[in-house]
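Peer 1: So you can see what is in the structure, the chains are spelled out below.
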Amino acid sequence: MKTTGTRRRAGSVISDMAIVMEHVSKSYTQGVPALNDVTLHINKGEFVFIVGDSGSGKSTLIKLLLRELLPTSGRVIVNGTDVIRLRRRQIPKFRRSLGVVFQDFRLLKDRNVYENVAFAQRIIQKPNREIRKNVPSILSTVGLAGKYKARPKQLSGGEQQRVALARALVNKPQILLADEPTGNLDPKNSWDIMNLLEKINNNGTTVLVVTHNREIVNAMQKRVITMKKGIIVSDEEKGGYIDED
Amino acid sequence: MRINTLFYCIWQGIRNIFKNKWFTLASVATISACLFLFGLFYSILTNFQHMVRNAEQGLCVSALLDAGMSDERVAEIRGMIVLRTEVSQVEYVSAEETWMQFAEENNFGDISIFTENPLEDCAHFDIYLNDVSMQSTLVSYLESIEGVRKVNQSFLTAQALTGVNAIIGYVSIGIIVILFLVSIFLISNTVSIGISVRKEEIQIMKYIGATDFFTRAPFVIEGMVIGVIGSFIPLIGVYFIYNEAMMYVVKRFPSLSQLLAFLPVETVFTNLVPVCIGLGVGIGFIGSFTTVRKHLSV
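Those sequence lines, one after another, are chains A and B.
Numbering (my numbering) for the first sequence: -11 to 233.
Numbering (my numbering) for the second sequence: 235 to 532.
What the hints contain is simulated information worked out from the structure, not anything from laboratory work.
Treat the hints loosely; a few may be bogus.
Capping the alpha-carbon separation at 20 Å, the derived lysine to aspartate or glutamate pairs in DMTMM-like fashion look like this [stated by the list, open to error]:
#1 B:K253 <-> A:D98
#2 B:K384 <-> B:E331
#3 A:K217 <-> B:D446
#4 B:K255 <-> B:D446
#5 A:K81 <-> B:D446
#6 B:K255 <-> A:D98
#7 A:K97 <-> B:E331
Work out the full structure: start from the sequences and follow the hints.
Peer 2: Structure (C-alpha cells):
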C-alpha cells in the first residue's frame, strides 16, 4: 500500500491546488469520527477517484467540499477559497465554481431537459440570449441535443445523468464533484458517463469521482484515494480498487 | 437583480400554483375558511357597533333653564355648550314648545283652555353627545353654569351603552386575535406540508448555488397569490350572505327595522376588503417565507 500522493504534493503552492484538505476531522457525535485527520491535495486539472466502503467518510468529504458541513478541525481550501471562513451568504457564489453530480441525478422533475440545464444559468443571472446559446451547446456535448424537450421521467438513467452533467458543466466550473455518478446505471451507461467525465477532464476541469465501481476504477488508471473508517489508507497514481480484506 | 431574473421568479411562482394543484386547493380552502369566519364576525360586530352608536346618538341630556331667561342669555349658554368637544348637537326647546309637546304626548286635546303655561320653567336644551361615556363630565359642567337649574340625564342607559360598547370592543379583538392565530396555525401547517414535499427541489437549487432569495422567491410569490385568491372567495361569499341576511331580517321583522339599522354592505366592505386581502397576502407571505427558511440550510 502506497501513500505517495499526499507526500508528493506537500511542497506545492496552495494556490496551484484545486483542493487542499489539511488535518481535517469531522465528528457528528461523540463516537468514531467520520473523517479523522485527513490531509489531501488535488492539483488543478487532475482526475481523482475516491473509493472506500460505506461509512469510510467519502460522502462526508464531498459535503465538506460543498460547504454543506463544517469540519470539526482542520482546513479545507477549494479553488483558493477557505470554505470554513465563508459566510452563509457567500456559499451560493462559492458553489457556482463547482459542478456537482449525484447518484440519484437530482433533476427538477417538473422541468424539461432544457430548463433543468438552463436553471444553473438562471441562478447566475445569465441573460436569456446567452442561455439560449449555452444550453444547446452543452446538451450536444453530452449527446442530448435532440431530447431538450423531454422530462426527466421520459429519460433513461444514463440520459438523466447526462442532463445532470450538462447542468453541472454549463457554468464552466473549475472542479467537478461526482458522488457515485454510475451508482444507478448499467455498465454501458456507466462507461458512457465515465468517458464523458474523462473528456471534461481533458478540457482542463478538475474531476473528483466518488465511486464503488471497481471495474471502472481499475480500467481507467487514474489517481485513486482509498478511504477506510475516516482515514486515507492509500493514495496512488494510476491506482486500482483496493479490497477491504 | 436582472429584470429577467425577477420575471423568472414571478413566473415560477405562478406556474407552481397550477403545477401543485392539490396543495394550492388545500391552501386556498384553508385561507378561505379562516377569512370567511373573519369576514362574518367582522360584519356582525361592525353592525353591532353601528347599532350601539345609533342608540348613543339618540340619547340626550336635558339642561333645564331658569324661568324667564332672556334670549341673550339663552344664546350665551348655548354658545358655551356647543364649544364642548363631547357635544355633537344642541337643540333649544322653549317653555311653550315643551308644553305643547307634553300636551300632545298625553292627549290633552285643546290646550287653549289653559290660561297659563304650567311648564313655564321648563325651557331647556336637549344636548346630544359624541361619546356617551363622557355624559357625567358634561353633566357636571352643565350644573356649574349659572341659569341652569336642573340637568336630567339617563345615567343607567348611558352606563349600559358604554358597557355594551366596551364588551363589543373586547369581543371583537378577542375573536379577531383567535381567528388570526388559528389561521396562521392552519395555513402554516398546510404550506409546511406542501413545501416539505418539495424539499428536494429546494435542496437541488441550493446545491447548484442558488441564493436564498432566488430559491425562496417563487415559493413566496406562490404563497402571496394563494393568499389573494383565498381572500377573494370568502369576500364574495360574505357579500352575498350579508345582503341576503339583511333582506331577510328587514322583511321578516319589519318592526325591528328601527332598532336593527344595518350598515350598507358597501360601508362594511370598505374596510373588510383591504383587511381580508392584506391578511391573505400577509399569511401567504409569512407562511411560505418561514417554511422555506427551514429547508434552506443546505
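Peer 1: Indicate, hint by hint, whether the structure satisfies it.
Peer 2: Right, here's what the structure says about each hint:
{"no.": "1", "hint": "B:K253 <-> A:D98", "verdict": "holds, 8 Å"}
{"no.": "2", "hint": "B:K384 <-> B:E331", "verdict": "holds, 18 Å"}
{"no.": "3", "hint": "A:K217 <-> B:D446", "verdict": "violated, 35 Å"}
{"no.": "4", "hint": "B:K255 <-> B:D446", "verdict": "violated, 25 Å"}
{"no.": "5", "hint": "A:K81 <-> B:D446", "verdict": "holds, 11 Å"}
{"no.": "6", "hint": "B:K255 <-> A:D98", "verdict": "holds, 13 Å"}
{"no.": "7", "hint": "A:K97 <-> B:E331", "verdict": "violated, 86 Å"}
In this structure, the earlier hints numbered 3, 4, 7 are contradicted, and the remaining ones agree with it.
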